[in-house]
Every structure is written in C-alpha cells, then in structure tokens.
Amino acid sequence: MLQTLINCQIANHALTINGKQQFVADGGEPEAFFKQLYQHLNCEYPKFYKMDAQSKLGFLAVEALVQHYPGIKKFSDDDVALVFSNRSSSLDTDARFWKGVAAAEPVASPALFVYTLPNIVQGEIAIRNKWYGENIFLVGEEYNPKQLYQNAEILLQTGKANAVVAMWVDFMEGQYQAVCELLISKGE
Amino acid sequence: MENLKEQLKQQIIQILNMEDLTPADINDEAPLFGDGLGLDSIDALELIVMLEQQYKIKIANPEEGKEIFHSINSLANFITEKTK
Amino acid sequence: MRNTPEIYMGAENIISPLGPTAAANFAACLNNHTGIAEYPNGGLNGETLFASRISQMSVALKGKHSRILQLLYASVIESVLQTNLTLQGNQRIALIFSTTKGDIEALEQGDNETAHLGNLQQQLSDLINHSGLAQVVSNACISGSAALVLAHDLISTNHADHVIVTGADVVSRFTTTGFQSLHALGSSACRPFCKTRSGVSLGEGAATIIVSADKRIYKTAPYLFLGGATSNDANHISGPSRTGEGLYRAIQKTLHRANVAVSIIDFISAHGTGTLYNDDMESIAFNRAGLAATPLNSMKGYFGHTLGAAGVIETAMCLQSMRNNTLLKNIGMVEPGTAQPVNVLTQHLQTPVNMVLKTASGFGGCNAALLIKNTN
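Chains as they are written, first to last, in our numbering: chain L, 7 to 194; chain F, 4 to 87; chain P, -2 to 373.
Chain L with its partners taken away, still in its complex shape (with noise of 0.2 Å):
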C-alpha cells in the first residue's frame, strides 16, 4: 500500500500542489512559462538553460516538490529512487535534432543529441539532489497513474528504495503535462 506525501502537477501553464495552484502564467509559449516557473521558484541553477524543454518540465516539477516537502532531504542519498513515465519518450527534442541532420546542409547538435533519450531528466533531477539511488524510465501509451504507482510500489516492496518519485513527465510539440508525487509504503 503507498501514501502519497505529496503531489505536485505542471500543466496549462500553472504549478499546482496538493489541489492548490501556487503559480500561473498568462500565456505564451510553454518555454517562456518554464522560465517564469524558474524565476518564481528561486532555482539559481544556469544549467537549467541548457535543459530540453522535457528535460525542464520535470526538473521544475520535482525542485517544487523538494521545495514543499523539504522532509525529503532526510532519506539518505541511496533511498530516493526515481520511476519516470511518458508517452513521448524524448521524441520532441528527437524531430529537433534530425532537423538539423537532414537539412541541406546538415548540422548534428552534440547539445541537442544528448536529450535525445528520455531518462536524461532524470539524471539532471539526480546531479541536481545528489539521488544515487535507484531510477528507471518506462515509456506507455498514454497517462496510467496505477501502473506508475505498481512500479514504484515494487521498488518499496523489494526494498530497494523507502521514497519514490514518481512522475509522468511528457512534453510534446508544445503540449505538456508533468505529475509528479512523492510516495512511501503506507505505515512507515
């Protein structure tokens, strides 16, 4: 059984945690409100500039969580894991690449090839929180928060980790939606 100690969402251009909006945009293009989002959040951390815009939904998702829930620094570096999903897998940034392959003349982007792999937010969220422990990234049809918490759950089961963030993060031709919650087994 898992308790959800917190839920944070990214999508229509507003951060929402636990059921309450914290902060909005007017509008304008999902990239600018990600900016927005940083600024508001405080992160001073540049190397978000270099992030992909997936590779940012998620990283603000999860640095609003640890904000909210700064409990979470007291699970030791091996016991956060992290269990992503989507449905894109990083296919956004993919088109963005090829683009520059398959122009006239072809351009390949060391920068932009380096998020061509989904679970490379992951690995930004890992550097960022110094999380050493365990991580898999599972690509779906489309939005199942019961498969996300099984996987999880085994993860808590097993144990292997005793918190999982488990996030469906997809960001997709300017369309995005990011859930992330922070979960443990029900009676720790």
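There could be a bad hint or two in this list.
[Claimed, not checked] Below 25 Å or equal to it, Euclidean Cα-Cα: the simulated DSS-like pairs (lysine-lysine) are:
1) F:K69 to P:K192
2) L:K53 to F:K87
3) L:K152 to L:K26
4) F:K8 to F:K69
5) F:K59 to F:K8
6) F:K61 to L:K105
7) L:K53 to F:K69
8) F:K59 to F:K69
9) F:K59 to L:K105
10) F:K87 to F:K59
Hints listed in this document are in silico derivations from the structure and should not be mistaken for laboratory results.
Because the structure is a prediction, the values reported are computed rather than measured.
Using the hints, position chains F and P against chain L.
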C-alpha cells in the same frame, strides 16, 4: 579584433543557452571552462560545431579545443590566425 | 513477496549479423568473428565509420513492417519456442521491451506518430498474441539490463509468473550522426579496455530472455537469476563519474541483496564501450568493488554497442558462456590500458562458469548490475 570578441560573446551566449548572461558579463581573459564561466565538455563540442558553421574552421580532435577555448582572447586569436 | 525463492532465466535468443540464434552467435564469437565492418561514407559528411549492421534481414513477417519489428518478432518467437509457454490468454506472462530509439527510421521518414515506442510495443504484442502486462523500458544503454532486473522484481512481488524480456535497436543515421557529434565514434572497430581505444562502434540487433519462477517451462536448463539493481552517478548527463560511484553502488547493492561475496564471482560481462572515459570509469568501479582480478570481457568488440538491446544480447551471451563452459576473449583489444588495472580476457577460456556479474552504464548517469548463477 574587438568586434570579433564581442561577436563571439554574443554567439556563445546564444548557442550555449546562457540566458542569464550578457556580453558585458564575460571577461576577455576569464577561463571559459571549469570555474570561470562553468562550461563543460558538451559545450566544448557545441563550440566546435560553431567554429565550423560560423567560421568554416574544422577541428578534428576535441582535445585541441582545450587550448583554443580557454578564453575569449585565445578563441579570438585562434580564429584570426586561421582566417588570415 | 512470493514464497518461491528461485527465479530463473533462459530460453535465450540473439539476432545479430553473427546469426539468428544465441547458439549461432556464440559459435561465431568462438571463431573470432565480429559483426563490425567498415562503412565508407557512413558519417554525417561522408566519413568512414565502423558499425555492426545486419545486411540480410530474413523476413519473419509478411507485409510492410519496420526492420526493428521484424527483429523483435523473430527474436521473441524463437525464444518462446524454447519453452512450453502459450502466450494467448495467459495474463501471468508479462512482456518487457527495452529500446533507446525504437523505430527511429519512422522519425527519419517524418512519421513521428509511428516512432512512438508504445506503438511499437503494441504492434509486437498484437503479433505474438500477448495481452498481459507490457512495459517499455527506455533508459539509455542500461535499458536491457534494467529490463531484466525489473522482470526479476515483477516476479518476486508476484505481479507475473513469467516475463519475456526483449530488447532491440537499429543502427540509423540518427544515432550515428549523434554519436559523431559527441566525437564518441572510434577511428577503427571498437577496442574495449585497450590502451589505444578511440571510441564506440554502433551495432544493431535483438535479443530475448525469458525470466520465470517456474523451472519447468524451459526446454533446456535455465540458470538462476539472483536479481540486480540500478544506481545513478548524480554527476553528469553524458560523461561517466570519474570515481565510478553509480556503477560501484549498483554492484554493491546487487551483491549485498543476493548475499554473494565478491570472491565467488568468476566472470564479469562488462559494459566496455571502447571510449576512454567509460572503460576508465569501469576499471575504477571494479577496483573499488574488489573485482580487479576477476576475469572480464566486453562483448562490444563482437556486436558493437547495441544500445537498448545490449543488456539482453550480452546477458544472453553470459548464459551461452555458462552452457558452453567457455569465457570469450575481449575481442578488439590490442593491449590493456585503463585508469586502473583489470583482468581482461585475452584468450577464450574453457572453464566452468558459476557466478556471473553483468554490468551496464548509460547516458543520464545510469548504471545497472545483475547476477546469474549456474545451477550445476
């Protein structure tokens, strides 16, 4: 040479997504990598692409990049030499 | 947690330029064949590249299907036929598919929708009549190993009785130009752990392993799967940790959970991509873990780096090594030379193989380790 340095600063800021910086923030002599501007190995590879795309200079071995990209000055000097 | 203490792996298949079955691949490697060949004009601007590519794709499926689906289907079928499993209607059989780029050729042709990994998995499930739990693991180069570890965990937590773990990736202009942009491709066929190594050779292929709580499903003896673990370096998204921290922790967790002492490991199937940084990092992690003297190889000199398929292809080769009481030499290396010394196999070695450690590392700072034990 001064125009080139200014141009390089703008290009680096744009290509490496350094959104919080302006050219005035980059000192000509300051190390670009490590503690200086904090660029990393991927940034170095992007700069190699920039050299080829914008300045038509090809660097075959990324190891050469360390000296060339040490600072704005070293980069500007390198480009000036190569385009003589 | 289920009561059955033992989980098995077996019924392995490999499809690569070296052959369409695990046995054929092993025999080819034993004869020092490699799938890696030279491709003039393979690069972004016409450079010569080295890669392991399947030139003659035998068509397993009628109709127009992507190369990767052909590989996956053929691999899964050949594997399942080595068991007495019937997929149709059996909800206790799970499927885990590991891949980094899936049908990337669809993206190259402008078809983003088909390029979705879930789409490919569904096509495969439909073709093999599988309707149980299906998951796609896309975790860079540890995908295959992580998929196997997940399979073990699914069974031990009673979410499945049997898991088909299948992995595949193809060599494409997408990945080739990408690795080129990182200056990560070698100037020759890859030379893992070699003093003069210069980078990766990409490879393509598919492999399948069946993980099960029930020994009796296998037509040929399976081996004991003692589980595994993943860890993150928390250091850099594309460069490995200079201290091998993530890999070291993955190994430690794996050994500790299985209650296995370092001294009884008699072979390591390492990641060994042939880049300066990766192989150095592994040598450091293995030394930290007390594995400096343990015989090891990388299979990438035979198969190239098969990305999402690597963990499954290379673990299948571990099973073949156990079946044949033979450890394969680390092909491609001229002279060992890593940051710390490791015991690289320079010749094929006839020896009983009892406890095998498989490791993998990937972009995003991820690392995986798993243990296989002989049942003899």
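Hints versus structure:
1. Distance hint between F:K69 and P:K192 is fulfilled; the C-alpha atoms sit about 22 Å from each other, no more than 25 Å.
2. The suggested pairing of L:K53 with F:K87 is violated, with an alpha-carbon distance near 36 Å, which exceeds 25 Å.
3. Taken as a hint, the L:K152 and L:K26 pair is honoured in the structure, with Cα atoms around 22 Å apart against an allowance of 25 Å.
4. Restraint check for F:K8 and F:K69: satisfied, since their Cα atoms lie roughly 18 Å apart, inside the 25 Å limit.
5. A distance of roughly 17 Å separates the Cα atoms of F:K59 and F:K8; the hinted pair therefore holds under the 25 Å criterion.
6. For the hint linking F:K61 to L:K105, the alpha-carbon distance of about 22 Å falls within 25 Å, and the restraint holds.
7. Under the criterion of a C-alpha separation no larger than 25 Å, the hint pairing L:K53 with F:K69 is consistent with the structure, at around 21 Å.
8. At roughly 19 Å between alpha-carbon atoms, F:K59 and F:K69 fall within 25 Å of each other, so this suggested pair holds.
9. With a C-alpha separation of about 21 Å, the suggested pairing of F:K59 with L:K105 holds against the 25 Å cut-off.
10. For the suggested pair F:K87 and F:K59, the alpha carbons sit about 13 Å apart, so the restraint of at most 25 Å is met.
In summary, the structure is inconsistent with hint 2 from the numbered list given earlier, while agreeing with all the others.
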